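Colleague: With the hints as extra help, turn the sequences into a complete structure.
Number of protein chains: 2
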Amino acid sequence: MRIAVVAPSCTLKREAADAVQAMAAERGDCELQIHPQSFLSDGHFAGPDEARLAALREVMADPDVDAIWFARGGYGSNRIAEAAVADLPESARAKSYMGYSDAGFLLAGMHKAGLDVAWGPMPQDILRRGGEDAIGRALDWLVDRDASALEPQLQPPAMAFNLTILSNVLGTALEPDFTGVDLLVEDLSEQLYRLDRTMFHVSASPNVRRVARLRLGRVHDILANDPEFGAGEEAIIEDWCRRSGIVYGGRADIGHDTWNRIVPFTSENR
Amino acid sequence: MRIAVVAPSCTLKREAADAVQAMAAERGDCELQIHPQSFLSDGHFAGPDEARLAALREVMADPDVDAIWFARGGYGSNRIAEAAVADLPESARAKSYMGYSDAGFLLAGMHKAGLDVAWGPMPQDILRRGGEDAIGRALDWLVDRDASALEPQLQPPAMAFNLTILSNVLGTALEPDFTGVDLLVEDLSEQLYRLDRTMFHVSASPNVRRVARLRLGRVHDILANDPEFGAGEEAIIEDWCRRSGIVYGGRADIGHDTWNRIVPFTSENR
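Protein chains in written order, with this note's numbering: chain A, -8 to 261; chain B, -8 to 261.
For the record, the hints were derived by calculation from the structure and aren't laboratory data.
Keep in mind that this is a model prediction, so the values were computed, not measured.
In this list, chains with the same sequence are indistinguishable; a pair is considered to hold if it fits within one copy or across any two.
Computed list of lysine to aspartate or glutamate pairs in EDC-like fashion (alpha-carbon distance at most 20 Å, straight line):
no., residue 1, residue 2
1, Lys4, Glu219
2, Lys4, Asp217
3, Lys4, Asp124
4, Lys4, Asp40
5, Lys86, Glu49
6, Lys86, Asp131
7, Lys4, Asp248
Modeller: Following this line, the structure appears as structure tokens:
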């Protein structure tokens, strides 16, 4: 099993790459091919748009690569996502793709283009406390399709997004069809008023209103709201679901943390 | 000229209300009717949704009110904006409306509903240093339609929005038609990566792509971007305009400050 790592958003830390390489070597069931582009730096990004796109397209076209693992989030994959899925080589369809957070732009566009994508931990997560668990879970899924790595309540077809990323996907060329989907969302580092505003935007979408249900993962590092918002994260999500006729399905086991579980974006017609 | 003040978002400060009342009395050409709802407080908001909506609908229906002035921004007008413009009483059409920032949700929905709205300073602005200038400009426009209060480069039809608010308007029931519009945007308290992400989202809209041109007001209190983003605010806006085929028309004289000028949302068919 050959897994290519590229960084469509921000720069991967060397120590994360080394630690994940060591874990893969220890397992002995996969080979990690960390693309040098992952360590580039150009302002906010892991190299200029052209370099990030070229590295991604290169591994997508490589028939010897079985899976593509996005190195980390941050910001920037939206700047190359539409070009990444244009004129797909056949070899791009014979592999799987994993990431979360900002990589949601790619998950959306690639799923829409018919590729086999999954929400799940990324290499840089190994730097979190307990990160080996997250990386082990990601590899268990990528290598073995180990069902114990999955979010436990999934009712396929399913998708997962950072809520703020999802809001920015809507109306763009990357927006997938949400009809009948078990839609899992999570967020971090936002004020509750922003969570409320983003849910206003997301739940207004006729496409999102066609989900089977919406479930809420963890919301981490909520920033101070002055004055106190007056409602908690789950009440906010439930309120907008109620207003928009979306079924709220309860909590989901995903988030920007090492407990984050895998959500394959399965489609009805696969 | 009777001007009603209501607070569809956050609570108006008493000292702001008193100072603006004093300015209006000094002028002698208008009467400010500050609705008691403006001082309510319920968590983040100036009272519950029901109270904010009821106050707004009450003054909209009042034939003795010539203009409605939104007390301040913050967050929350989106929660009542769609209901505010449903089944409009005829008297709502015979008056003008002014505000900016979060009130952009109302400006959007009200303009779409055919009401006479304008981007401009709000009563709470009097608490900014030099706030009397902003309030004077707002009243000069509301009372006298003084053209010297206008953004100087307007090519009607024009609209103005906080960019983050505009992003959250897209795809909702409030989204107006941007065809041929001189679209002015400004923002504040965002990291540059968020400005870039928001421009990705906004410039992807086929509706926004129909503007005559897009112009950039001031971007205040930019939050630290780690690492440095690598491009400035104007370069970001120009980049996404270029990518999306939108004409970038240069800077605009609007922003979250006391220099903020008036932008009437004129429509072709008015």
